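A.B. asks: Please build the complex by placing chain B on the supplied structure of chain A, with the hints as guidance.
One letter stands for each residue in the lines below.
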Amino acid sequence: MIPSLETIAALVKIGLLVGGLMTAAAYLVLVERWMAAWVQDRKGPNRVGIPLTKIRLFGLGQPLADGLKIILKEDFTPSHVDRVLYNAAPLVILAASLAIFAAIPFGSVLPPLGIDGLPDPVPFLVAPGFSVGILWVFALSSIAVYGVLLGGWASNNKYGFLGGLRSSAQLVAYEIPLGLGLLGVVLASGSLELDVVMTQQANTGVWYAFAQPLGFIVFLVAAFAEAARLPFDLPEAEQELVGGYHTEYSGIKLLLFLVAEFLHMVTAAFLIVILFLGGWHLWGVTGSGDDITWAMALIRFGVFSAKVLAVILFFMLVRWSWPRFRFDQLMNLAWKVMLPLGIANLVIVAVVEEFRPQLVEALGSSAAGWVAILLPWGVFFAGWITAGMLTPSGTDNRPIRPNVLSDDGVFAAEHALVAGNELFTDTSVADDSVSTEAATPASGSDA
Amino acid sequence: MTLPVSLSPLLAVNATLLADVGQVAAQPRWLMAIAVAAAAVSLWLLLPKGLENRRARPIGVVLGSIALACFALAGRRLGSLGEEAVFLLVAGVAVVSATATIVTRSPVYAAIWFAMTLAGVSGVLLVLDAQFLGVATIVVYAGAILVMFLFVLMLAQPSGLASYDRVSSEPMLAAIAGAVLVGLLTVSIGRLSAPAALEGDQSVAQTEAEEAAAAPTAVAAPDQLRDDHVARLGGELFGRHLVAVEAAGVLLFVALVGAIAVVTRGEAAALAEGRPTR
Numbered sequence: 001m002i003p004s005l006e007t008i009a010a011l012v013k014i015g016l017l018v019g020g021l022m023t024a025a026a027y028l029v030l031v032e033r034w035m036a037a038w039v040q041d042r043k044g045p046n047r048v049g050i051p052l053t054k055i056r057l058f059g060l061g062q063p064l065a066d067g068l069k070i071i072l073k074e075d076f077t078p079s080h081v082d083r084v085l086y087n088a089a090p091l092v093i094l095a096a097s098l099a100i101f102a103a104i105p106f107g108s109v110l111p112p113l114g115i116d117g118l119p120d121p122v123p124f125l126v127a128p129g130f131s132v133g134i135l136w137v138f139a140l141s142s143i144a145v146y147g148v149l150l151g152g153w154a155s156n157n158k159y160g161f162l163g164g165l166r167s168s169a170q171l172v173a174y175e176i177p178l179g180l181g182l183l184g185v186v187l188a189s190g191s192l193e194l195d196v197v198m199t200q201q202a203n204t205g206v207w208y209a210f211a212q213p214l215g216f217i218v219f220l221v222a223a224f225a226e227a228a229r230l231p232f233d234l235p236e237a238e239q240e241l242v243g244g245y246h247t248e249y250s251g252i253k254l255l256l257f258l259v260a261e262f263l264h265m266v267t268a269a270f271l272i273v274i275l276f277l278g279g280w281h282l283w284g285v286t287g288s289g290d291d292i293t294w295a296m297a298l299i300r301f302g303v304f305s306a307k308v309l310a311v312i313l314f315f316m317l318v319r320w321s322w323p324r325f326r327f328d329q330l331m332n333l334a335w336k337v338m339l340p341l342g343i344a345n346l347v348i349v350a351v352v353e354e355f356r357p358q359l360v361e362a363l364g365s366s367a368a369g370w371v372a373i374l375l376p377w378g379v380f381f382a383g384w385i386t387a388g389m390l391t392p393s394g395t396d397n398r399p400i401r402p403n404v405l406s407d408d409g410v411f412a413a414e415h416a417l418v419a420g421n422e423l424f425t426d427t428s429v430a431d432d433s434v435s436t437e438a439a440t441p442a443s444g445s446d447a
Numbered sequence: 001m002t003l004p005v006s007l008s009p010l011l012a013v014n015a016t017l018l019a020d021v022g023q024v025a026a027q028p029r030w031l032m033a034i035a036v037a038a039a040a041v042s043l044w045l046l047l048p049k050g051l052e053n054r055r056a057r058p059i060g061v062v063l064g065s066i067a068l069a070c071f072a073l074a075g076r077r078l079g080s081l082g083e084e085a086v087f088l089l090v091a092g093v094a095v096v097s098a099t100a101t102i103v104t105r106s107p108v109y110a111a112i113w114f115a116m117t118l119a120g121v122s123g124v125l126l127v128l129d130a131q132f133l134g135v136a137t138i139v140v141y142a143g144a145i146l147v148m149f150l151f152v153l154m155l156a157q158p159s160g161l162a163s164y165d166r167v168s169s170e171p172m173l174a175a176i177a178g179a180v181l182v183g184l185l186t187v188s189i190g191r192l193s194a195p196a197a198l199e200g201d202q203s204v205a206q207t208e209a210e211e212a213a214a215a216p217t218a219v220a221a222p223d224q225l226r227d228d229h230v231a232r233l234g235g236e237l238f239g240r241h242l243v244a245v246e247a248a249g250v251l252l253f254v255a256l257v258g259a260i261a262v263v264t265r266g267e268a269a270a271l272a273e274g275r276p277t278r
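So the sequence lines, in the order shown, correspond to chains A and B. Position 27, counted from 1, in the first sequence is what this note's numbering calls 27; the numbers after and before it change by one each time, with no gaps. Position 155, counted from 1, in the second sequence is what this note's numbering calls 155; the numbers after and before it change by one each time, with no gaps.
Hints were generated in silico from the structure; no laboratory data involved. On a predicted model such as this, the values are computed, not experimentally measured, just so you know. Honestly, I wouldn't trust all of these hints.
To be verified - Covered stretches of chain A (in silico footprint by chain B; criterion: 3 or more residues with CB under 8 angstroms from a CB of chain B, positions within the stretch not fixed):
{"no.": "1", "segment": "123 to 132"}
{"no.": "2", "segment": "142 to 156"}
What the hints assert, rightly or not - Here are the computed distance ranges between Cβ atoms for each label pair:
{"no.": "3", "chain 1": "B", "residue 1": "Leu237", "chain 2": "A", "residue 2": "Glu6", "range": "27 to 33 angstroms"}
{"no.": "4", "chain 1": "A", "residue 1": "Arg326", "chain 2": "B", "residue 2": "Ala85", "range": "50 to 56 angstroms"}
{"no.": "5", "chain 1": "B", "residue 1": "Val257", "chain 2": "A", "residue 2": "Ala382", "range": "24 to 30 angstroms"}
Built from N, CA and C at the ideal position, the CB exists for glycine as well.
So that you can see chain A by itself, here it is in the shape it has in the complex (with noise of 0.2 angstroms):
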């Protein structure tokens, strides 16, 4: 049986993708490493060149001999580990995350190629027309969330548990402003195709971070807990954890888990290109139809991985810039912030979608634009200042309860302390219980 050409196409496209995207992985590292040094003034990687030659080459072979290191490294099993979760654990989160990019476009199109047997123009997507793209994305970074739990439970450390435990928790918890961010996008569009997205930024040149700046908030900030990078690094944790869930792994194995884990920043930079920042379109360079030449098609190849690599270079510097949340506070910004702000990003996209229309009839296309591109701008103003006024400006560390075990005295004096604190502005709930009874401790007691 002879594999048709679009068979072949598709491998080798899997082959171009799977092999780009692990090149980039190894240079990401020192890339990150060359950025952790200049953000802290130091010179990081820069010795390591070809092989037994004195050429330095800035430090470029070091993801070399990284990966021969790590790969050569002893593999250990600890002996009081479940043998087969935590051999399954590091192929399952692997797996997941590279299975990922049959649904992402790394490109626009090839010019047509006149070739029997082959659609023309050949997008650059392993499995063009799948119409439920994004849900798919969607469907394969939930499923990275087992290789995290499996790795963590299956390492029977504590370490490597709580890691786990915290990770689930985290990932399922982002995934929905994730979701309401992503669901801006697909009304807008009207599609679940992400080059569908794509190409439609192209043709209105408006890109969806100016038109709904709300959920491009809320879907960076999503994407970054998603991909558990700095400040949302809970599940590693390396000074709390020593590593979180992989900490029980070493060598080949502990390798795949942080190729994983560095993949989904990368799905994650390029989600936030595709749907939010216009794909490969830039204005007055790439134009926007499907019929293009060869020289135009290797340029928006060229702006495509040149904005992936920005957003990238975005989340290396983040994660120097910022200190890591602690558990509460990351609970409290996706459910108490993230996810009202989601809806409210939903809510006026929706509006702005369902009266463009009329809008057009009474204004003319480009007034109705601006008033389109306006509007949630508004909101996103609106939002910021509500939730910057809602949500405490400081955070104190000191427990929010006091100890309800000791004797009534000592109960209405701490009490009177964290009721007089100013800080504990988001704890209502708490804090309306325990007020009440600070006024009067005997009810308490008899209650």
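C.D. replies: Structure of chain B alone, referenced to chain A:
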């Protein structure tokens, strides 16, 4: 309690077979009978409280494989060889994992096997071009609900619940009931899908001949193959079934508010009584 647990693999068999409606019943009925009987016996042998014997498990595995092979043979062939192979692979994964879900004694492993079942079912749906359903299965069940299960199971003791909560106490009855249900459902739905069945009592041979003749037209124009399938699905859900969708949404919302109310009231009461809350 015992019945639903043991039914799950058989229902997975059913789901994979029914996913391609009209696939069954083209072959002789005795093949289906053998498949059902073998599946019942193998389930009984495999279940934790079944035959307490050292040899029970290997024999159960062999019988289960026979049942699987019979189910595969009894089905109607799909379009191309590649499609057929992928379908059998994902369907096999679904059924075997579903069996493993109820056979294993460890709750965590059961949850993982159940995730595999969902992956298999989703694969079947993808093979049959029901892309939205396939991916939604993963998002909703494997991605959200099952992760919550795992979360709770892992927080609980590794041994989990007591054995009477986890394993079927009437494995033989459960296996037989499940097998009979699967047999009846597959046969009756296989009949329903054949146009001739509307006329009522007809000879089996005649039905089969008509089915074979009707097969190409039955497969001809499924809605799933259309480009705007997802959009049409959405239109259907929010058009004809709008009230049902909204009612479900409101119901879930009420449940959410109720859960939060219960939790906060419990905490407030604990605080009032001077018990530690968290």
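A.B. asks: If a hint holds in the structure, say so; if it does not, say that too.
C.D. replies: Hints versus structure:
no.	hint	in the structure
1	123 to 132	holds (count 4)
2	142 to 156	holds (count 7)
3	B:Leu237 / A:Glu6: 27 to 33 angstroms	32 angstroms, holds
4	A:Arg326 / B:Ala85: 50 to 56 angstroms	51 angstroms, holds
5	B:Val257 / A:Ala382: 24 to 30 angstroms	26 angstroms, holds
When held up to the earlier numbered hints, the structure conflicts with none and fits them all.
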